[in-house]
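Enquirer: Turn these sequences into a full structure, and let the hints steer you where they fit.
Sequential numbering of the sequence shown, starting at 515, is according to our numbering.
Just so you know, the hints here were simulated from the structure itself, not pulled from any lab data.
It is possible that some hints are incorrect.
Claimed, not checked - For each label pair, taking beta carbons as the anchor points, the in silico distance ranges come out as: (1) Asp598 to Ala619: 17 to 23 Å; (2) Ala630 to Gly606: 17 to 23 Å; (3) Asn581 to Glu641: 15 to 21 Å; (4) Thr594 to Gly555: 36 to 42 Å; (5) Val562 to Glu641: 15 to 21 Å; (6) Leu557 to Ser590: 43 to 49 Å; (7) Ala605 to Arg636: 42 to 48 Å; (8) Met515 to Gly545: 18 to 24 Å.
For glycine and all other residues, C-beta sits at the position ideal for the given N, C-alpha and C.
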Amino acid sequence: MRRGEEHRVELERGVELLIGLEAISDPDERGIRTVMCILNGQLRPVLVRDRGVAVDVPVAEKADRSNPGHIAAPFSGVVTVTVDVGAEVDAGQTVATLEAMKMEAAVSAPKSGKVARIAVSRTAQVESGDLLVVIN
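Expert: See the structure below:
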């Protein structure tokens, strides 16, 4: 599709979508381009991964679910770690907060102990299962 072109797509019988291309951004550091489309007359940004762009994305360390000292992100979002290495924490104490879609959740220590390691930046984008904090 070229800029300014429009196409009709039949989603199901009697339901059509009119799609037009307005602009395509340069890829970001993750190889994602923002494609500005007109969908049924409304301008919408669509994020598209450009597989032609080489990307070196570091893979986050995953928590070992069998290790009670590993604290994992329960879902994807932006985490803010609220404890420091060496701090003593009690079971149930909040060690981080996780925000996603304007909702915030506390991430609690599963056991008492000392914070041995913080596995992410103080504030970072994380995925479900990413290791956040290690308690000994």
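Enquirer: If a hint holds in the structure, say so; if it does not, say that too.
Expert: Verification of the hints:
For Asp598 paired with Ala619, a C-beta distance near 21 Å keeps the hint of 17 to 23 Å intact. Hint check: Ala630 to Gly606, Cβ distance near 18 Å, so the stated range 17 to 23 Å holds. Range check, Asn581 to Glu641: Cβ separation about 18 Å, and the 15 to 21 Å hint holds. Judged by the Cβ atoms, the range 36 to 42 Å given for Thr594 and Gly555 holds: they are separated by roughly 40 Å.
Against the hinted window of 15 to 21 Å, the Cβ-Cβ separation of Val562 and Glu641 comes to about 20 Å, which satisfies the hint. Between Leu557 and Ser590 the CB atoms are about 27 Å apart, so this pair departs from the stated range of 43 to 49 Å. Against the hinted window of 42 to 48 Å, the Cβ-Cβ separation of Ala605 and Arg636 comes to about 23 Å, which falls outside the hint. A hinted range of 18 to 24 Å for the beta carbons of Met515 and Gly545 is consistent with their spacing of about 20 Å.
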